[in-house]
Amino acid sequence: MIQRIFTSNGGEVVLGLHQAELYYEVIGKKGAPCIVLLPGGLATVSDFNTFTLYLSLHYQLIGIDFRGQGRSSLGTIDRLTYPLLMDDVERILVKLGIEHAGFIGFSDGGTVGYHLGNSQKIKMDWLISIGGTWCYQDTQSTDHLTPAQCQALFPAFYNLYQDVNPDQNFTLVAQLVVAMWRDGSNENLPLDLAKQLKCPVLIVCGEKDTALLPESALKLAQQITNSSLFIVPFIGHDAFNVPNNLFVEGMLHFLTRVRST
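Per numbering that gives the first Met the number 0, the sequence shown runs over residues 0 to 260.
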């Protein structure tokens, strides 16, 4: 029987830089084309279960918890960056023998996706970036966010972290994640890297998103040669959770297009 959702349990770990144990799960159709799913900050791959049912019969899905989040440990670091998270993803995919894949990333996962589009180790077939920020202006709403506020704003993330994470230090992880959001350096944000993407890209943005503003999403789409823009009405940052499967319709339409090219 094909496993169709992520469970945050029963996956495997890969050793990353600075002694981090990086958790991943593989579900879906064995031997089918691969899709790598990258979650948002402080979240886990189980967030994608709202639409994995639509993909798992036709694709092999690889879900990865970023270091310090979900079931992945933080390791001996005092700074998180998007390039470091990209390296973590590359290590897992190299271990699995994955040479190319499509990617779906939400928020931080989308931002890491823009970095991975220029990877020398993994070929990106296509990218769906849901609310993935790409320039410092996108992240200014987080400038005064504290770990306590993160816990209050994202109680489901906090509770799952407490249930499954090996480190049990949410305050430290929240501090490092927020610091990464605030880091507007050229090294950290994919400002120029995103513009260099050559594969098909679907940029998804909620109409009421306050992190990736629709105007910013439009500006980015205009700079990526092979991109489409999907503004999802009536919803904010987590555009894939819109009712009535509106995101799913757009996602499946995009996948049909990339399969036919």
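Some hints could be false.
In silico DSBU-like cross-links for lysine-lysine, where the CA-CA straight-line distance does not exceed 35 Å [unchecked claim]:
#1 K120 <-> K94
#2 K120 <-> K218
#3 K218 <-> K197
#4 K197 <-> K29
Simulated DEER-style distance windows between Cβ atoms [as the list claims (entries may be wrong)]:
#5 R78 <-> K29: 36 to 42 Å
#6 M0 <-> Q148: 26 to 32 Å
#7 V247 <-> T6: 19 to 25 Å
#8 L251 <-> K207: 19 to 25 Å
#9 L152 <-> E214: 33 to 39 Å
#10 Q167 <-> P32: 32 to 38 Å
#11 L245 <-> P154: 24 to 30 Å
#12 P154 <-> E206: 21 to 27 Å
#13 Q161 <-> Q222: 38 to 44 Å
#14 S184 <-> R3: 38 to 44 Å
#15 N225 <-> L251: 14 to 20 Å
Since the hints were derived computationally from the structure, they do not count as laboratory data. For glycine and all other residues, C-beta sits at the position ideal for the given N, C-alpha and C.
Margin query: Name the hints, by number, that the structure is in violation of.
Written below: 6 and 9
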